[in-house]
Amino acid sequence: MKHPVAKLFIVVSILALASCGKSKDASESAAVTATSTDTAKQQSSSSQSENTVSVTAQDINPHSRDSLKGGILTLSVSNFAENWNPMHVDGNNRDYSDIRESMLPAFFHFDEAGVPTPNPDYVLSVEVVSDEPTAVRYKLNPKAVWGDGSAVDGDDMVAKWKACNGEDKEFNCASTGSMEPIASITFGEDKRDVTVTYKSAYPDWSQGFSIPGAIKAESIENANVFNNGWSELNNDWLSGPFKVGSFDATQKVMTLVPNDKWWGEKPLLDSIVWRAVALDATAQAFANKEIDAFDIGSDPDAFQRATRVDNAEVRKAGGPNFRHFTFNSKAGLLQNKTIRQAIVYALDRQAIAASDLAGIDWPVAPLNNHVFLQSQAGFVDTASATGLDFNPEKAKAVLDEAGWTVGEDGIREKDKQKLIVRFSQLATVKASENEALQAQSMLKEVGIQLDIVTVPVARFGPTLSGKEFELIAFSWIGTPYPFSGLKQIYGTGSESNFAQLSLPEVDELAEQIGAEINPEKRIELANRADRIIWENVHTLPLYQRPELIATRRDLANYGAFGMSSVHWENVGFTE
1 MKHPVAKLFI VVSILALASC GKSKDASESA AVTATSTDTA KQQSSSSQSE NTVSVTAQDI
61 NPHSRDSLKG GILTLSVSNF AENWNPMHVD GNNRDYSDIR ESMLPAFFHF DEAGVPTPNP
121 DYVLSVEVVS DEPTAVRYKL NPKAVWGDGS AVDGDDMVAK WKACNGEDKE FNCASTGSME
181 PIASITFGED KRDVTVTYKS AYPDWSQGFS IPGAIKAESI ENANVFNNGW SELNNDWLSG
241 PFKVGSFDAT QKVMTLVPND KWWGEKPLLD SIVWRAVALD ATAQAFANKE IDAFDIGSDP
301 DAFQRATRVD NAEVRKAGGP NFRHFTFNSK AGLLQNKTIR QAIVYALDRQ AIAASDLAGI
361 DWPVAPLNNH VFLQSQAGFV DTASATGLDF NPEKAKAVLD EAGWTVGEDG IREKDKQKLI
421 VRFSQLATVK ASENEALQAQ SMLKEVGIQL DIVTVPVARF GPTLSGKEFE LIAFSWIGTP
481 YPFSGLKQIY GTGSESNFAQ LSLPEVDELA EQIGAEINPE KRIELANRAD RIIWENVHTL
541 PLYQRPELIA TRRDLANYGA FGMSSVHWEN VGFTE
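Numbering (this note's numbering), first residue to last: 1 to 575.
Think of the hints as simulated: they come from the structure by calculation, not from any bench.
Among these hints, one or two may not hold up.
No farther apart than 30 Å at their CA atoms in a straight line, the calculated lysine-lysine pairs in the DSS-like style are these [unchecked claim]:
no.	residue 1	residue 2
1	252	139
2	394	414
3	316	430
4	191	261
5	243	316
6	162	261
7	396	316
8	143	69
9	266	252
10	169	394
11	316	252
12	139	69
13	252	191
14	418	337
15	337	467
Please model the entire structure based on the sequences and the hints provided.
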């Protein structure tokens, strides 16, 4: 599946909300009751804005299976994982998710509006049997099996819950937000009759068991296996229409082939070949027909080159994906909130977005909310509401007031210390490199020296998880669950809270939102939390990231998915 998962994914160009998506900008995942469906619609509702492409868009060249043929689909990633566990903080990367998604259980499919429906390959029915507390009964498909032939059942759902419910800190989970609210998981007639009961009302219940709907219990049975047991993809632990056929570590090529134990509709493709291609080389690889599609992201040069390739096209969709700056609140001078706020005042995010997206057919507008996109119901312009927006004179004033005086070299100093901040730019990621230069120039105007430190893309994950940065830019790839990011990205102690900023009021609001059924009240609480996040400068949203996928023109059922799911068994080529 593409975007719809319980957590946000990270991509280098823009991450994982603790959530997911499809990008190469960084190197950087029966019937539902009316109540849950209505909630999903409210969460993902959008209207066309003159500044924002509709987040409900999907552009995948749809065709019926019987009109398509198979073949070999070759795609690219920037690198392969050292940890493939989709629930581990180091496995929470868009590239890894793209490779895994055809090989993991998807309990729900999502449409263009992000509305979930049970995937009959794994779930025969889902029923909300209690509203408060929420209790959901799953009837799992008895045909569903793991690669070793064992059943996909309730034991695997229990294992997922116990690993990432936050009780055992030895499990390095990317997010615990969707597992913490669970009170119990019980079985009925057998282990395919599963009831998940929550501690209170929980309107986002479908996100916790979307993709992966379950993890093979054996693969996460203890913290050591969870953290260290996924150094390679083990077919016995996988379940989906495809499996790993081969992996050439030297050439950095992984080939997926149809899963011989798959019980659903047979995949059309003969194989999916994933090649490691440097981010700045993907456009040329596409032009040379070495790969059949790639995510253009925020690369104007790649966009222009893709539009000139014969028998190719660019497919476009909007999604809950955004670029941002993360401020490490425990590093250097960024420990000081006044300095963080001064940086916000000094940065012209409209100009940064325009520079990143120059030459790309995508509307330019700064994103002024940490929870909602401008086109989503619930959006409030928090930058205007707090006054923390581009205002270089205000930046100078707050620094003056804090005692930072301008030296002869134009750089401010206080108590013989220069006002110097370090920006970790990701090598070969053009958006990151451009943003570093833009920020450096803008901050210099108010007396802040920005030193640029280059980080190899392969070191992106360790740099984030190790908090080895002061300022860094990347993209969060979101989901149809906008509220889930409050705990994952901004929650105290979350593995994905890379800013290391503890905001107890936000923690309390996130708890209230998690149990609040009224959509309007949830929105009000979320925007209250957003104001606190904005004022404390945890992260600074830049702009909604476009989903622009260059593809072969004859590639069908694949492209820019927005918030919808990839049905890998239906991907193929037109005759």
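Handout entry: Contradicted hints - numbers only
Key = 1, 7, 10, 12, 13
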